[in-house]
Amino acid sequence: MHATSALAEADRLMTVCNSCRYCEGICAVFPAMEMRRAFSDGDLNYLANLCHGCSACYYDCQFSPPHEFNVNVPATMAKVRTESYEAYAWPGFLAPTFRRNGLVISIAACVSVFAFIVGFVALRDPSVLFGTHTGPGAFYKLMPHNTMAVLFGAAFLYAMIAIAMGIRNFWRDIGEPANTLTKATPLWQAIKDASSLRYLDGGGVGCMNDEDKPTDTRRIYHHLTFYGFLLCFAATTTATGYHYLLGLEAPYPWYDLPVLLGTLGGLGLVIGPIGLLRAKFQRDRELVEARSYGMDVGFLVMLLLTSITGLLLLVLRATPAMGMLLALHIGIVFALFITMPYGKFVHGFYRFLALVRYAKERSDAH
Amino acid sequence: MKNGEIAGHVASRRDETAGRRHDVLVIGGGNAALCAAISARRAGASVLVLEAAPQFYRGGNTRHTRNMRCAHDSATETLSGPYTEDEFWEDLKRVTQGRTDEELARHMIAQSKEMLTWIVDQGVRFQPSLGGTLSLGRTNSFFLGGGRAMLNALYATAEQLGVEIRYDAEVVGLEIENGMFLSATVKEQTGTSQVRAGALVAASGGFEANIDWLKQGWGEIAGNFLIRGTPYNRGTILRILIDNDIQQIGDVTQCHAVAIDARAPKFDGGIITRLDCVIYGIVVNKNCERFYDEGEDIWPKRYAIWGRLVAAQPDQIAYIIFDARSLELFMPSLFPPIKGDSIAELAGQLGLDPEKLTKTVATFNNAVQPGTFDPDNYDDCATAGLTPPKTHWARKIEQGPFYAYPVRPGITFTYLGVKVNKEARMIMSDGKPAANMFAAGEIMAGNVLGQGYAAGIGMTIGSVFGRAAGQGAAKHARN
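These protein sequences, in sequence, are chains W and E.
For the first sequence, numbering that gives the first Met the number 0 gives the first residue as 0, with consecutive numbering after it.
For the second sequence, numbering that gives the first Met the number 0 gives the first residue as 0, with consecutive numbering after it.
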């Protein structure tokens, strides 16, 4: 009846939970569940992506293991969610990359870094790679700006197309009409809920990660990671604007906007992923979804490497280490871009869209 | 003071050899026990909690609860309107049919007002009434995350305050002399030991998981009962107390019993095995005979009578029969209903006589009078000339497919207990208050509940008398 055993288990759990409803006040999943009496695969994929994994329901549940009803909503939803990423992947032949995600990301990162180093050496000469370059255009002594822009523009464009196709698959699977995305009210509600991580809060007291007390800090570290990422993205966008619109060439002085944004974002992107990795390592084994573990860790490590290499590049850009650091940094960023549609990065899109649908369902119900 | 210090020093040295002496010993680990432990600790006493269950199963039946009934004079963030002390009292009087101790019950109701804030101060959080429980939205305060979330909050607070808690620690004996508690014998994995304390709070629940005890009142039919909650409530402490001259209250057959899905596990099935569809169909026994007015009242008001009704039927089993039109009128439950395209086919699935069931349904259908069906309010759909009648929500069972749930008596908790006064102090058989023994929760629920039940009262009893017991025990132990 269901496509996978994880979906069948999610169906069983939602039947249990819908008969109980004690967790209704904890997050969006349970009120969304209450709007249904039967659960199709699309419904379950929607609920799984709506689940933030805060895990309060697991410790609040009288039926969680070792009880014979064996109710473990966070772990089951994580499994369904991971499988749904794979099912929505575009193009379809790349879907299996989700299964060995840690490995795929590692290889992508190594190959990219290697390619940039070889590229720098092949295009120029080894002395350029280890030389000291300062002043405007210093980076472009290693690789012309336009080459860099075309490479990254293409990678970014591809990632966005692939993600958009995945979104389309998700939206179809859960059976939501396209015009929901044109409605301002649910969109705005979802933006508020996502940007505040409203449902990574155990219903107001906080989440649980490794014990029955709400001592989890993932919400703070996720904020640092997410807003750090946005700031870094803003830094890159500003720098691109400087280059093409104002004719100002990188590197910029430390007090200039791209560097300030990038430094601030970079710091968030160092502290955030470290906190999230620590939480991941401490997490109650009962709650860990083994299949997504490599993917989750891989994504966090890539974000961490992006920020660390970026900050190192800032500090050491006037030394002979700059060439290698630049290769390392942009190699990692390139790998991050091309693996975006096939890794943990997609969770943000699906969860946001699930929140849009939830906001719409809520307003329809009232 | 010098003497006191020396005495304390001597006492602590003795403790090192014979196990530390606590001011207050709390036996049990549910709502009542934790309220007692916290209030005793806040009053300055050193407190030891002995919970017989392992950590996951801590908290007895509190794990399965979802709300408590407290009086309040105005609406709150989570309660939709006022619920006065008088109204609470009237409700209690009605469900118990007067079998309650008015003075004690009114005292509890008055105290329940404060519990709404006191329990929040202990870390418990409330939320508006759950989906499908609108009828309780004014009277009952729901715990955010349910009973286990409530317990987690109480345990966290107790630990923070320095209450010592031991799990898998079953008290198997009490040393009581002339109404004075001296020590308890505790069985743990490491062995058996003695625990001494200045005062005792017994909050160890009832005896519903002790089927042999249930049989003493009910006879062999108790073997067919399902126990909705913890398998750890075996009544060991209750039995020891009664055997040690504490006054018993209530009778062995009185309990909170509802009709639950017969397919539920023997123990600990909890809330999800309940069925809210009685009023939308008919209920027959294994002989395909109806036996009670299914439409007597709005469901939550009378749900607690159905356990006893089914217990009185042959083999303690009954079947709720309804048709396709009613399928989605009530909260879903764990097991899907049994389905048949005709009444005869349904009877076959249930192991009932198809002819008899068809006839019972036909007789019922013929007696149904025209009316306007309203699933949420008293309507005018009733039968005429039928015994027993169905006085509301009587609609012909005619639209296939047809559905049935098999039901058995599900015992939630028992009422036989120890007698207490307003301070939650136990009363000896000669009518005198015990020197240093208190009781709270299910073990003394019979003081308030002689029979019958209304949602959330068990938790009110636990919190109000738990807090009082803790305060009383601390005061005694520290004097």
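It is possible that part of the hints are untrue.
Computed Cβ-Cβ distance ranges for the label pairs, DEER-style [stated by the list, open to error]: (1) W:280 <-> E:137: 42 to 50 angstroms; (2) E:361 <-> W:210: 58 to 66 angstroms; (3) E:376 <-> W:65: 55 to 63 angstroms; (4) E:335 <-> W:65: 43 to 51 angstroms; (5) E:323 <-> W:232: 51 to 59 angstroms; (6) E:220 <-> W:37: 31 to 39 angstroms; (7) E:361 <-> W:190: 55 to 63 angstroms.
Don't read these hints as lab results, they were simulated from the structure.
None of the values given here were measured: they were computed from a predicted structure.
Idealized CB from N, CA, C, for every residue including glycine.
How the hints compare with the structure:
1. At roughly 47 angstroms, the beta-carbon separation of residue 280 (chain W) and residue 137 (chain E) lies within the given 42 to 50 angstroms, and the hint holds.
2. Evaluation of the 58 to 66 angstroms hint for residue 361 (chain E) and residue 210 (chain W) yields a pass: the beta carbon distance comes to about 59 angstroms.
3. For residue 376 (chain E) and residue 65 (chain W), the hinted distance range of 55 to 63 angstroms is not satisfied, since their beta carbons lie about 43 angstroms from each other.
4. Evaluation of the 43 to 51 angstroms hint for residue 335 (chain E) and residue 65 (chain W) yields a failure: the beta carbon distance comes to about 25 angstroms.
5. One distance hint, 51 to 59 angstroms for the beta-carbon pair residue 323 (chain E) and residue 232 (chain W), holds here, with the actual separation near 55 angstroms.
6. Against the hinted window of 31 to 39 angstroms, the Cβ-Cβ separation of residue 220 (chain E) and residue 37 (chain W) comes to about 37 angstroms, which satisfies the hint.
7. Distance hint check for residue 361 (chain E) and residue 190 (chain W): the Cβ-Cβ separation is about 59 angstroms, which falls inside the suggested range of 55 to 63 angstroms.
Checked against the numbered hints given earlier, the structure breaks hints 3, 4 and satisfies all the rest.
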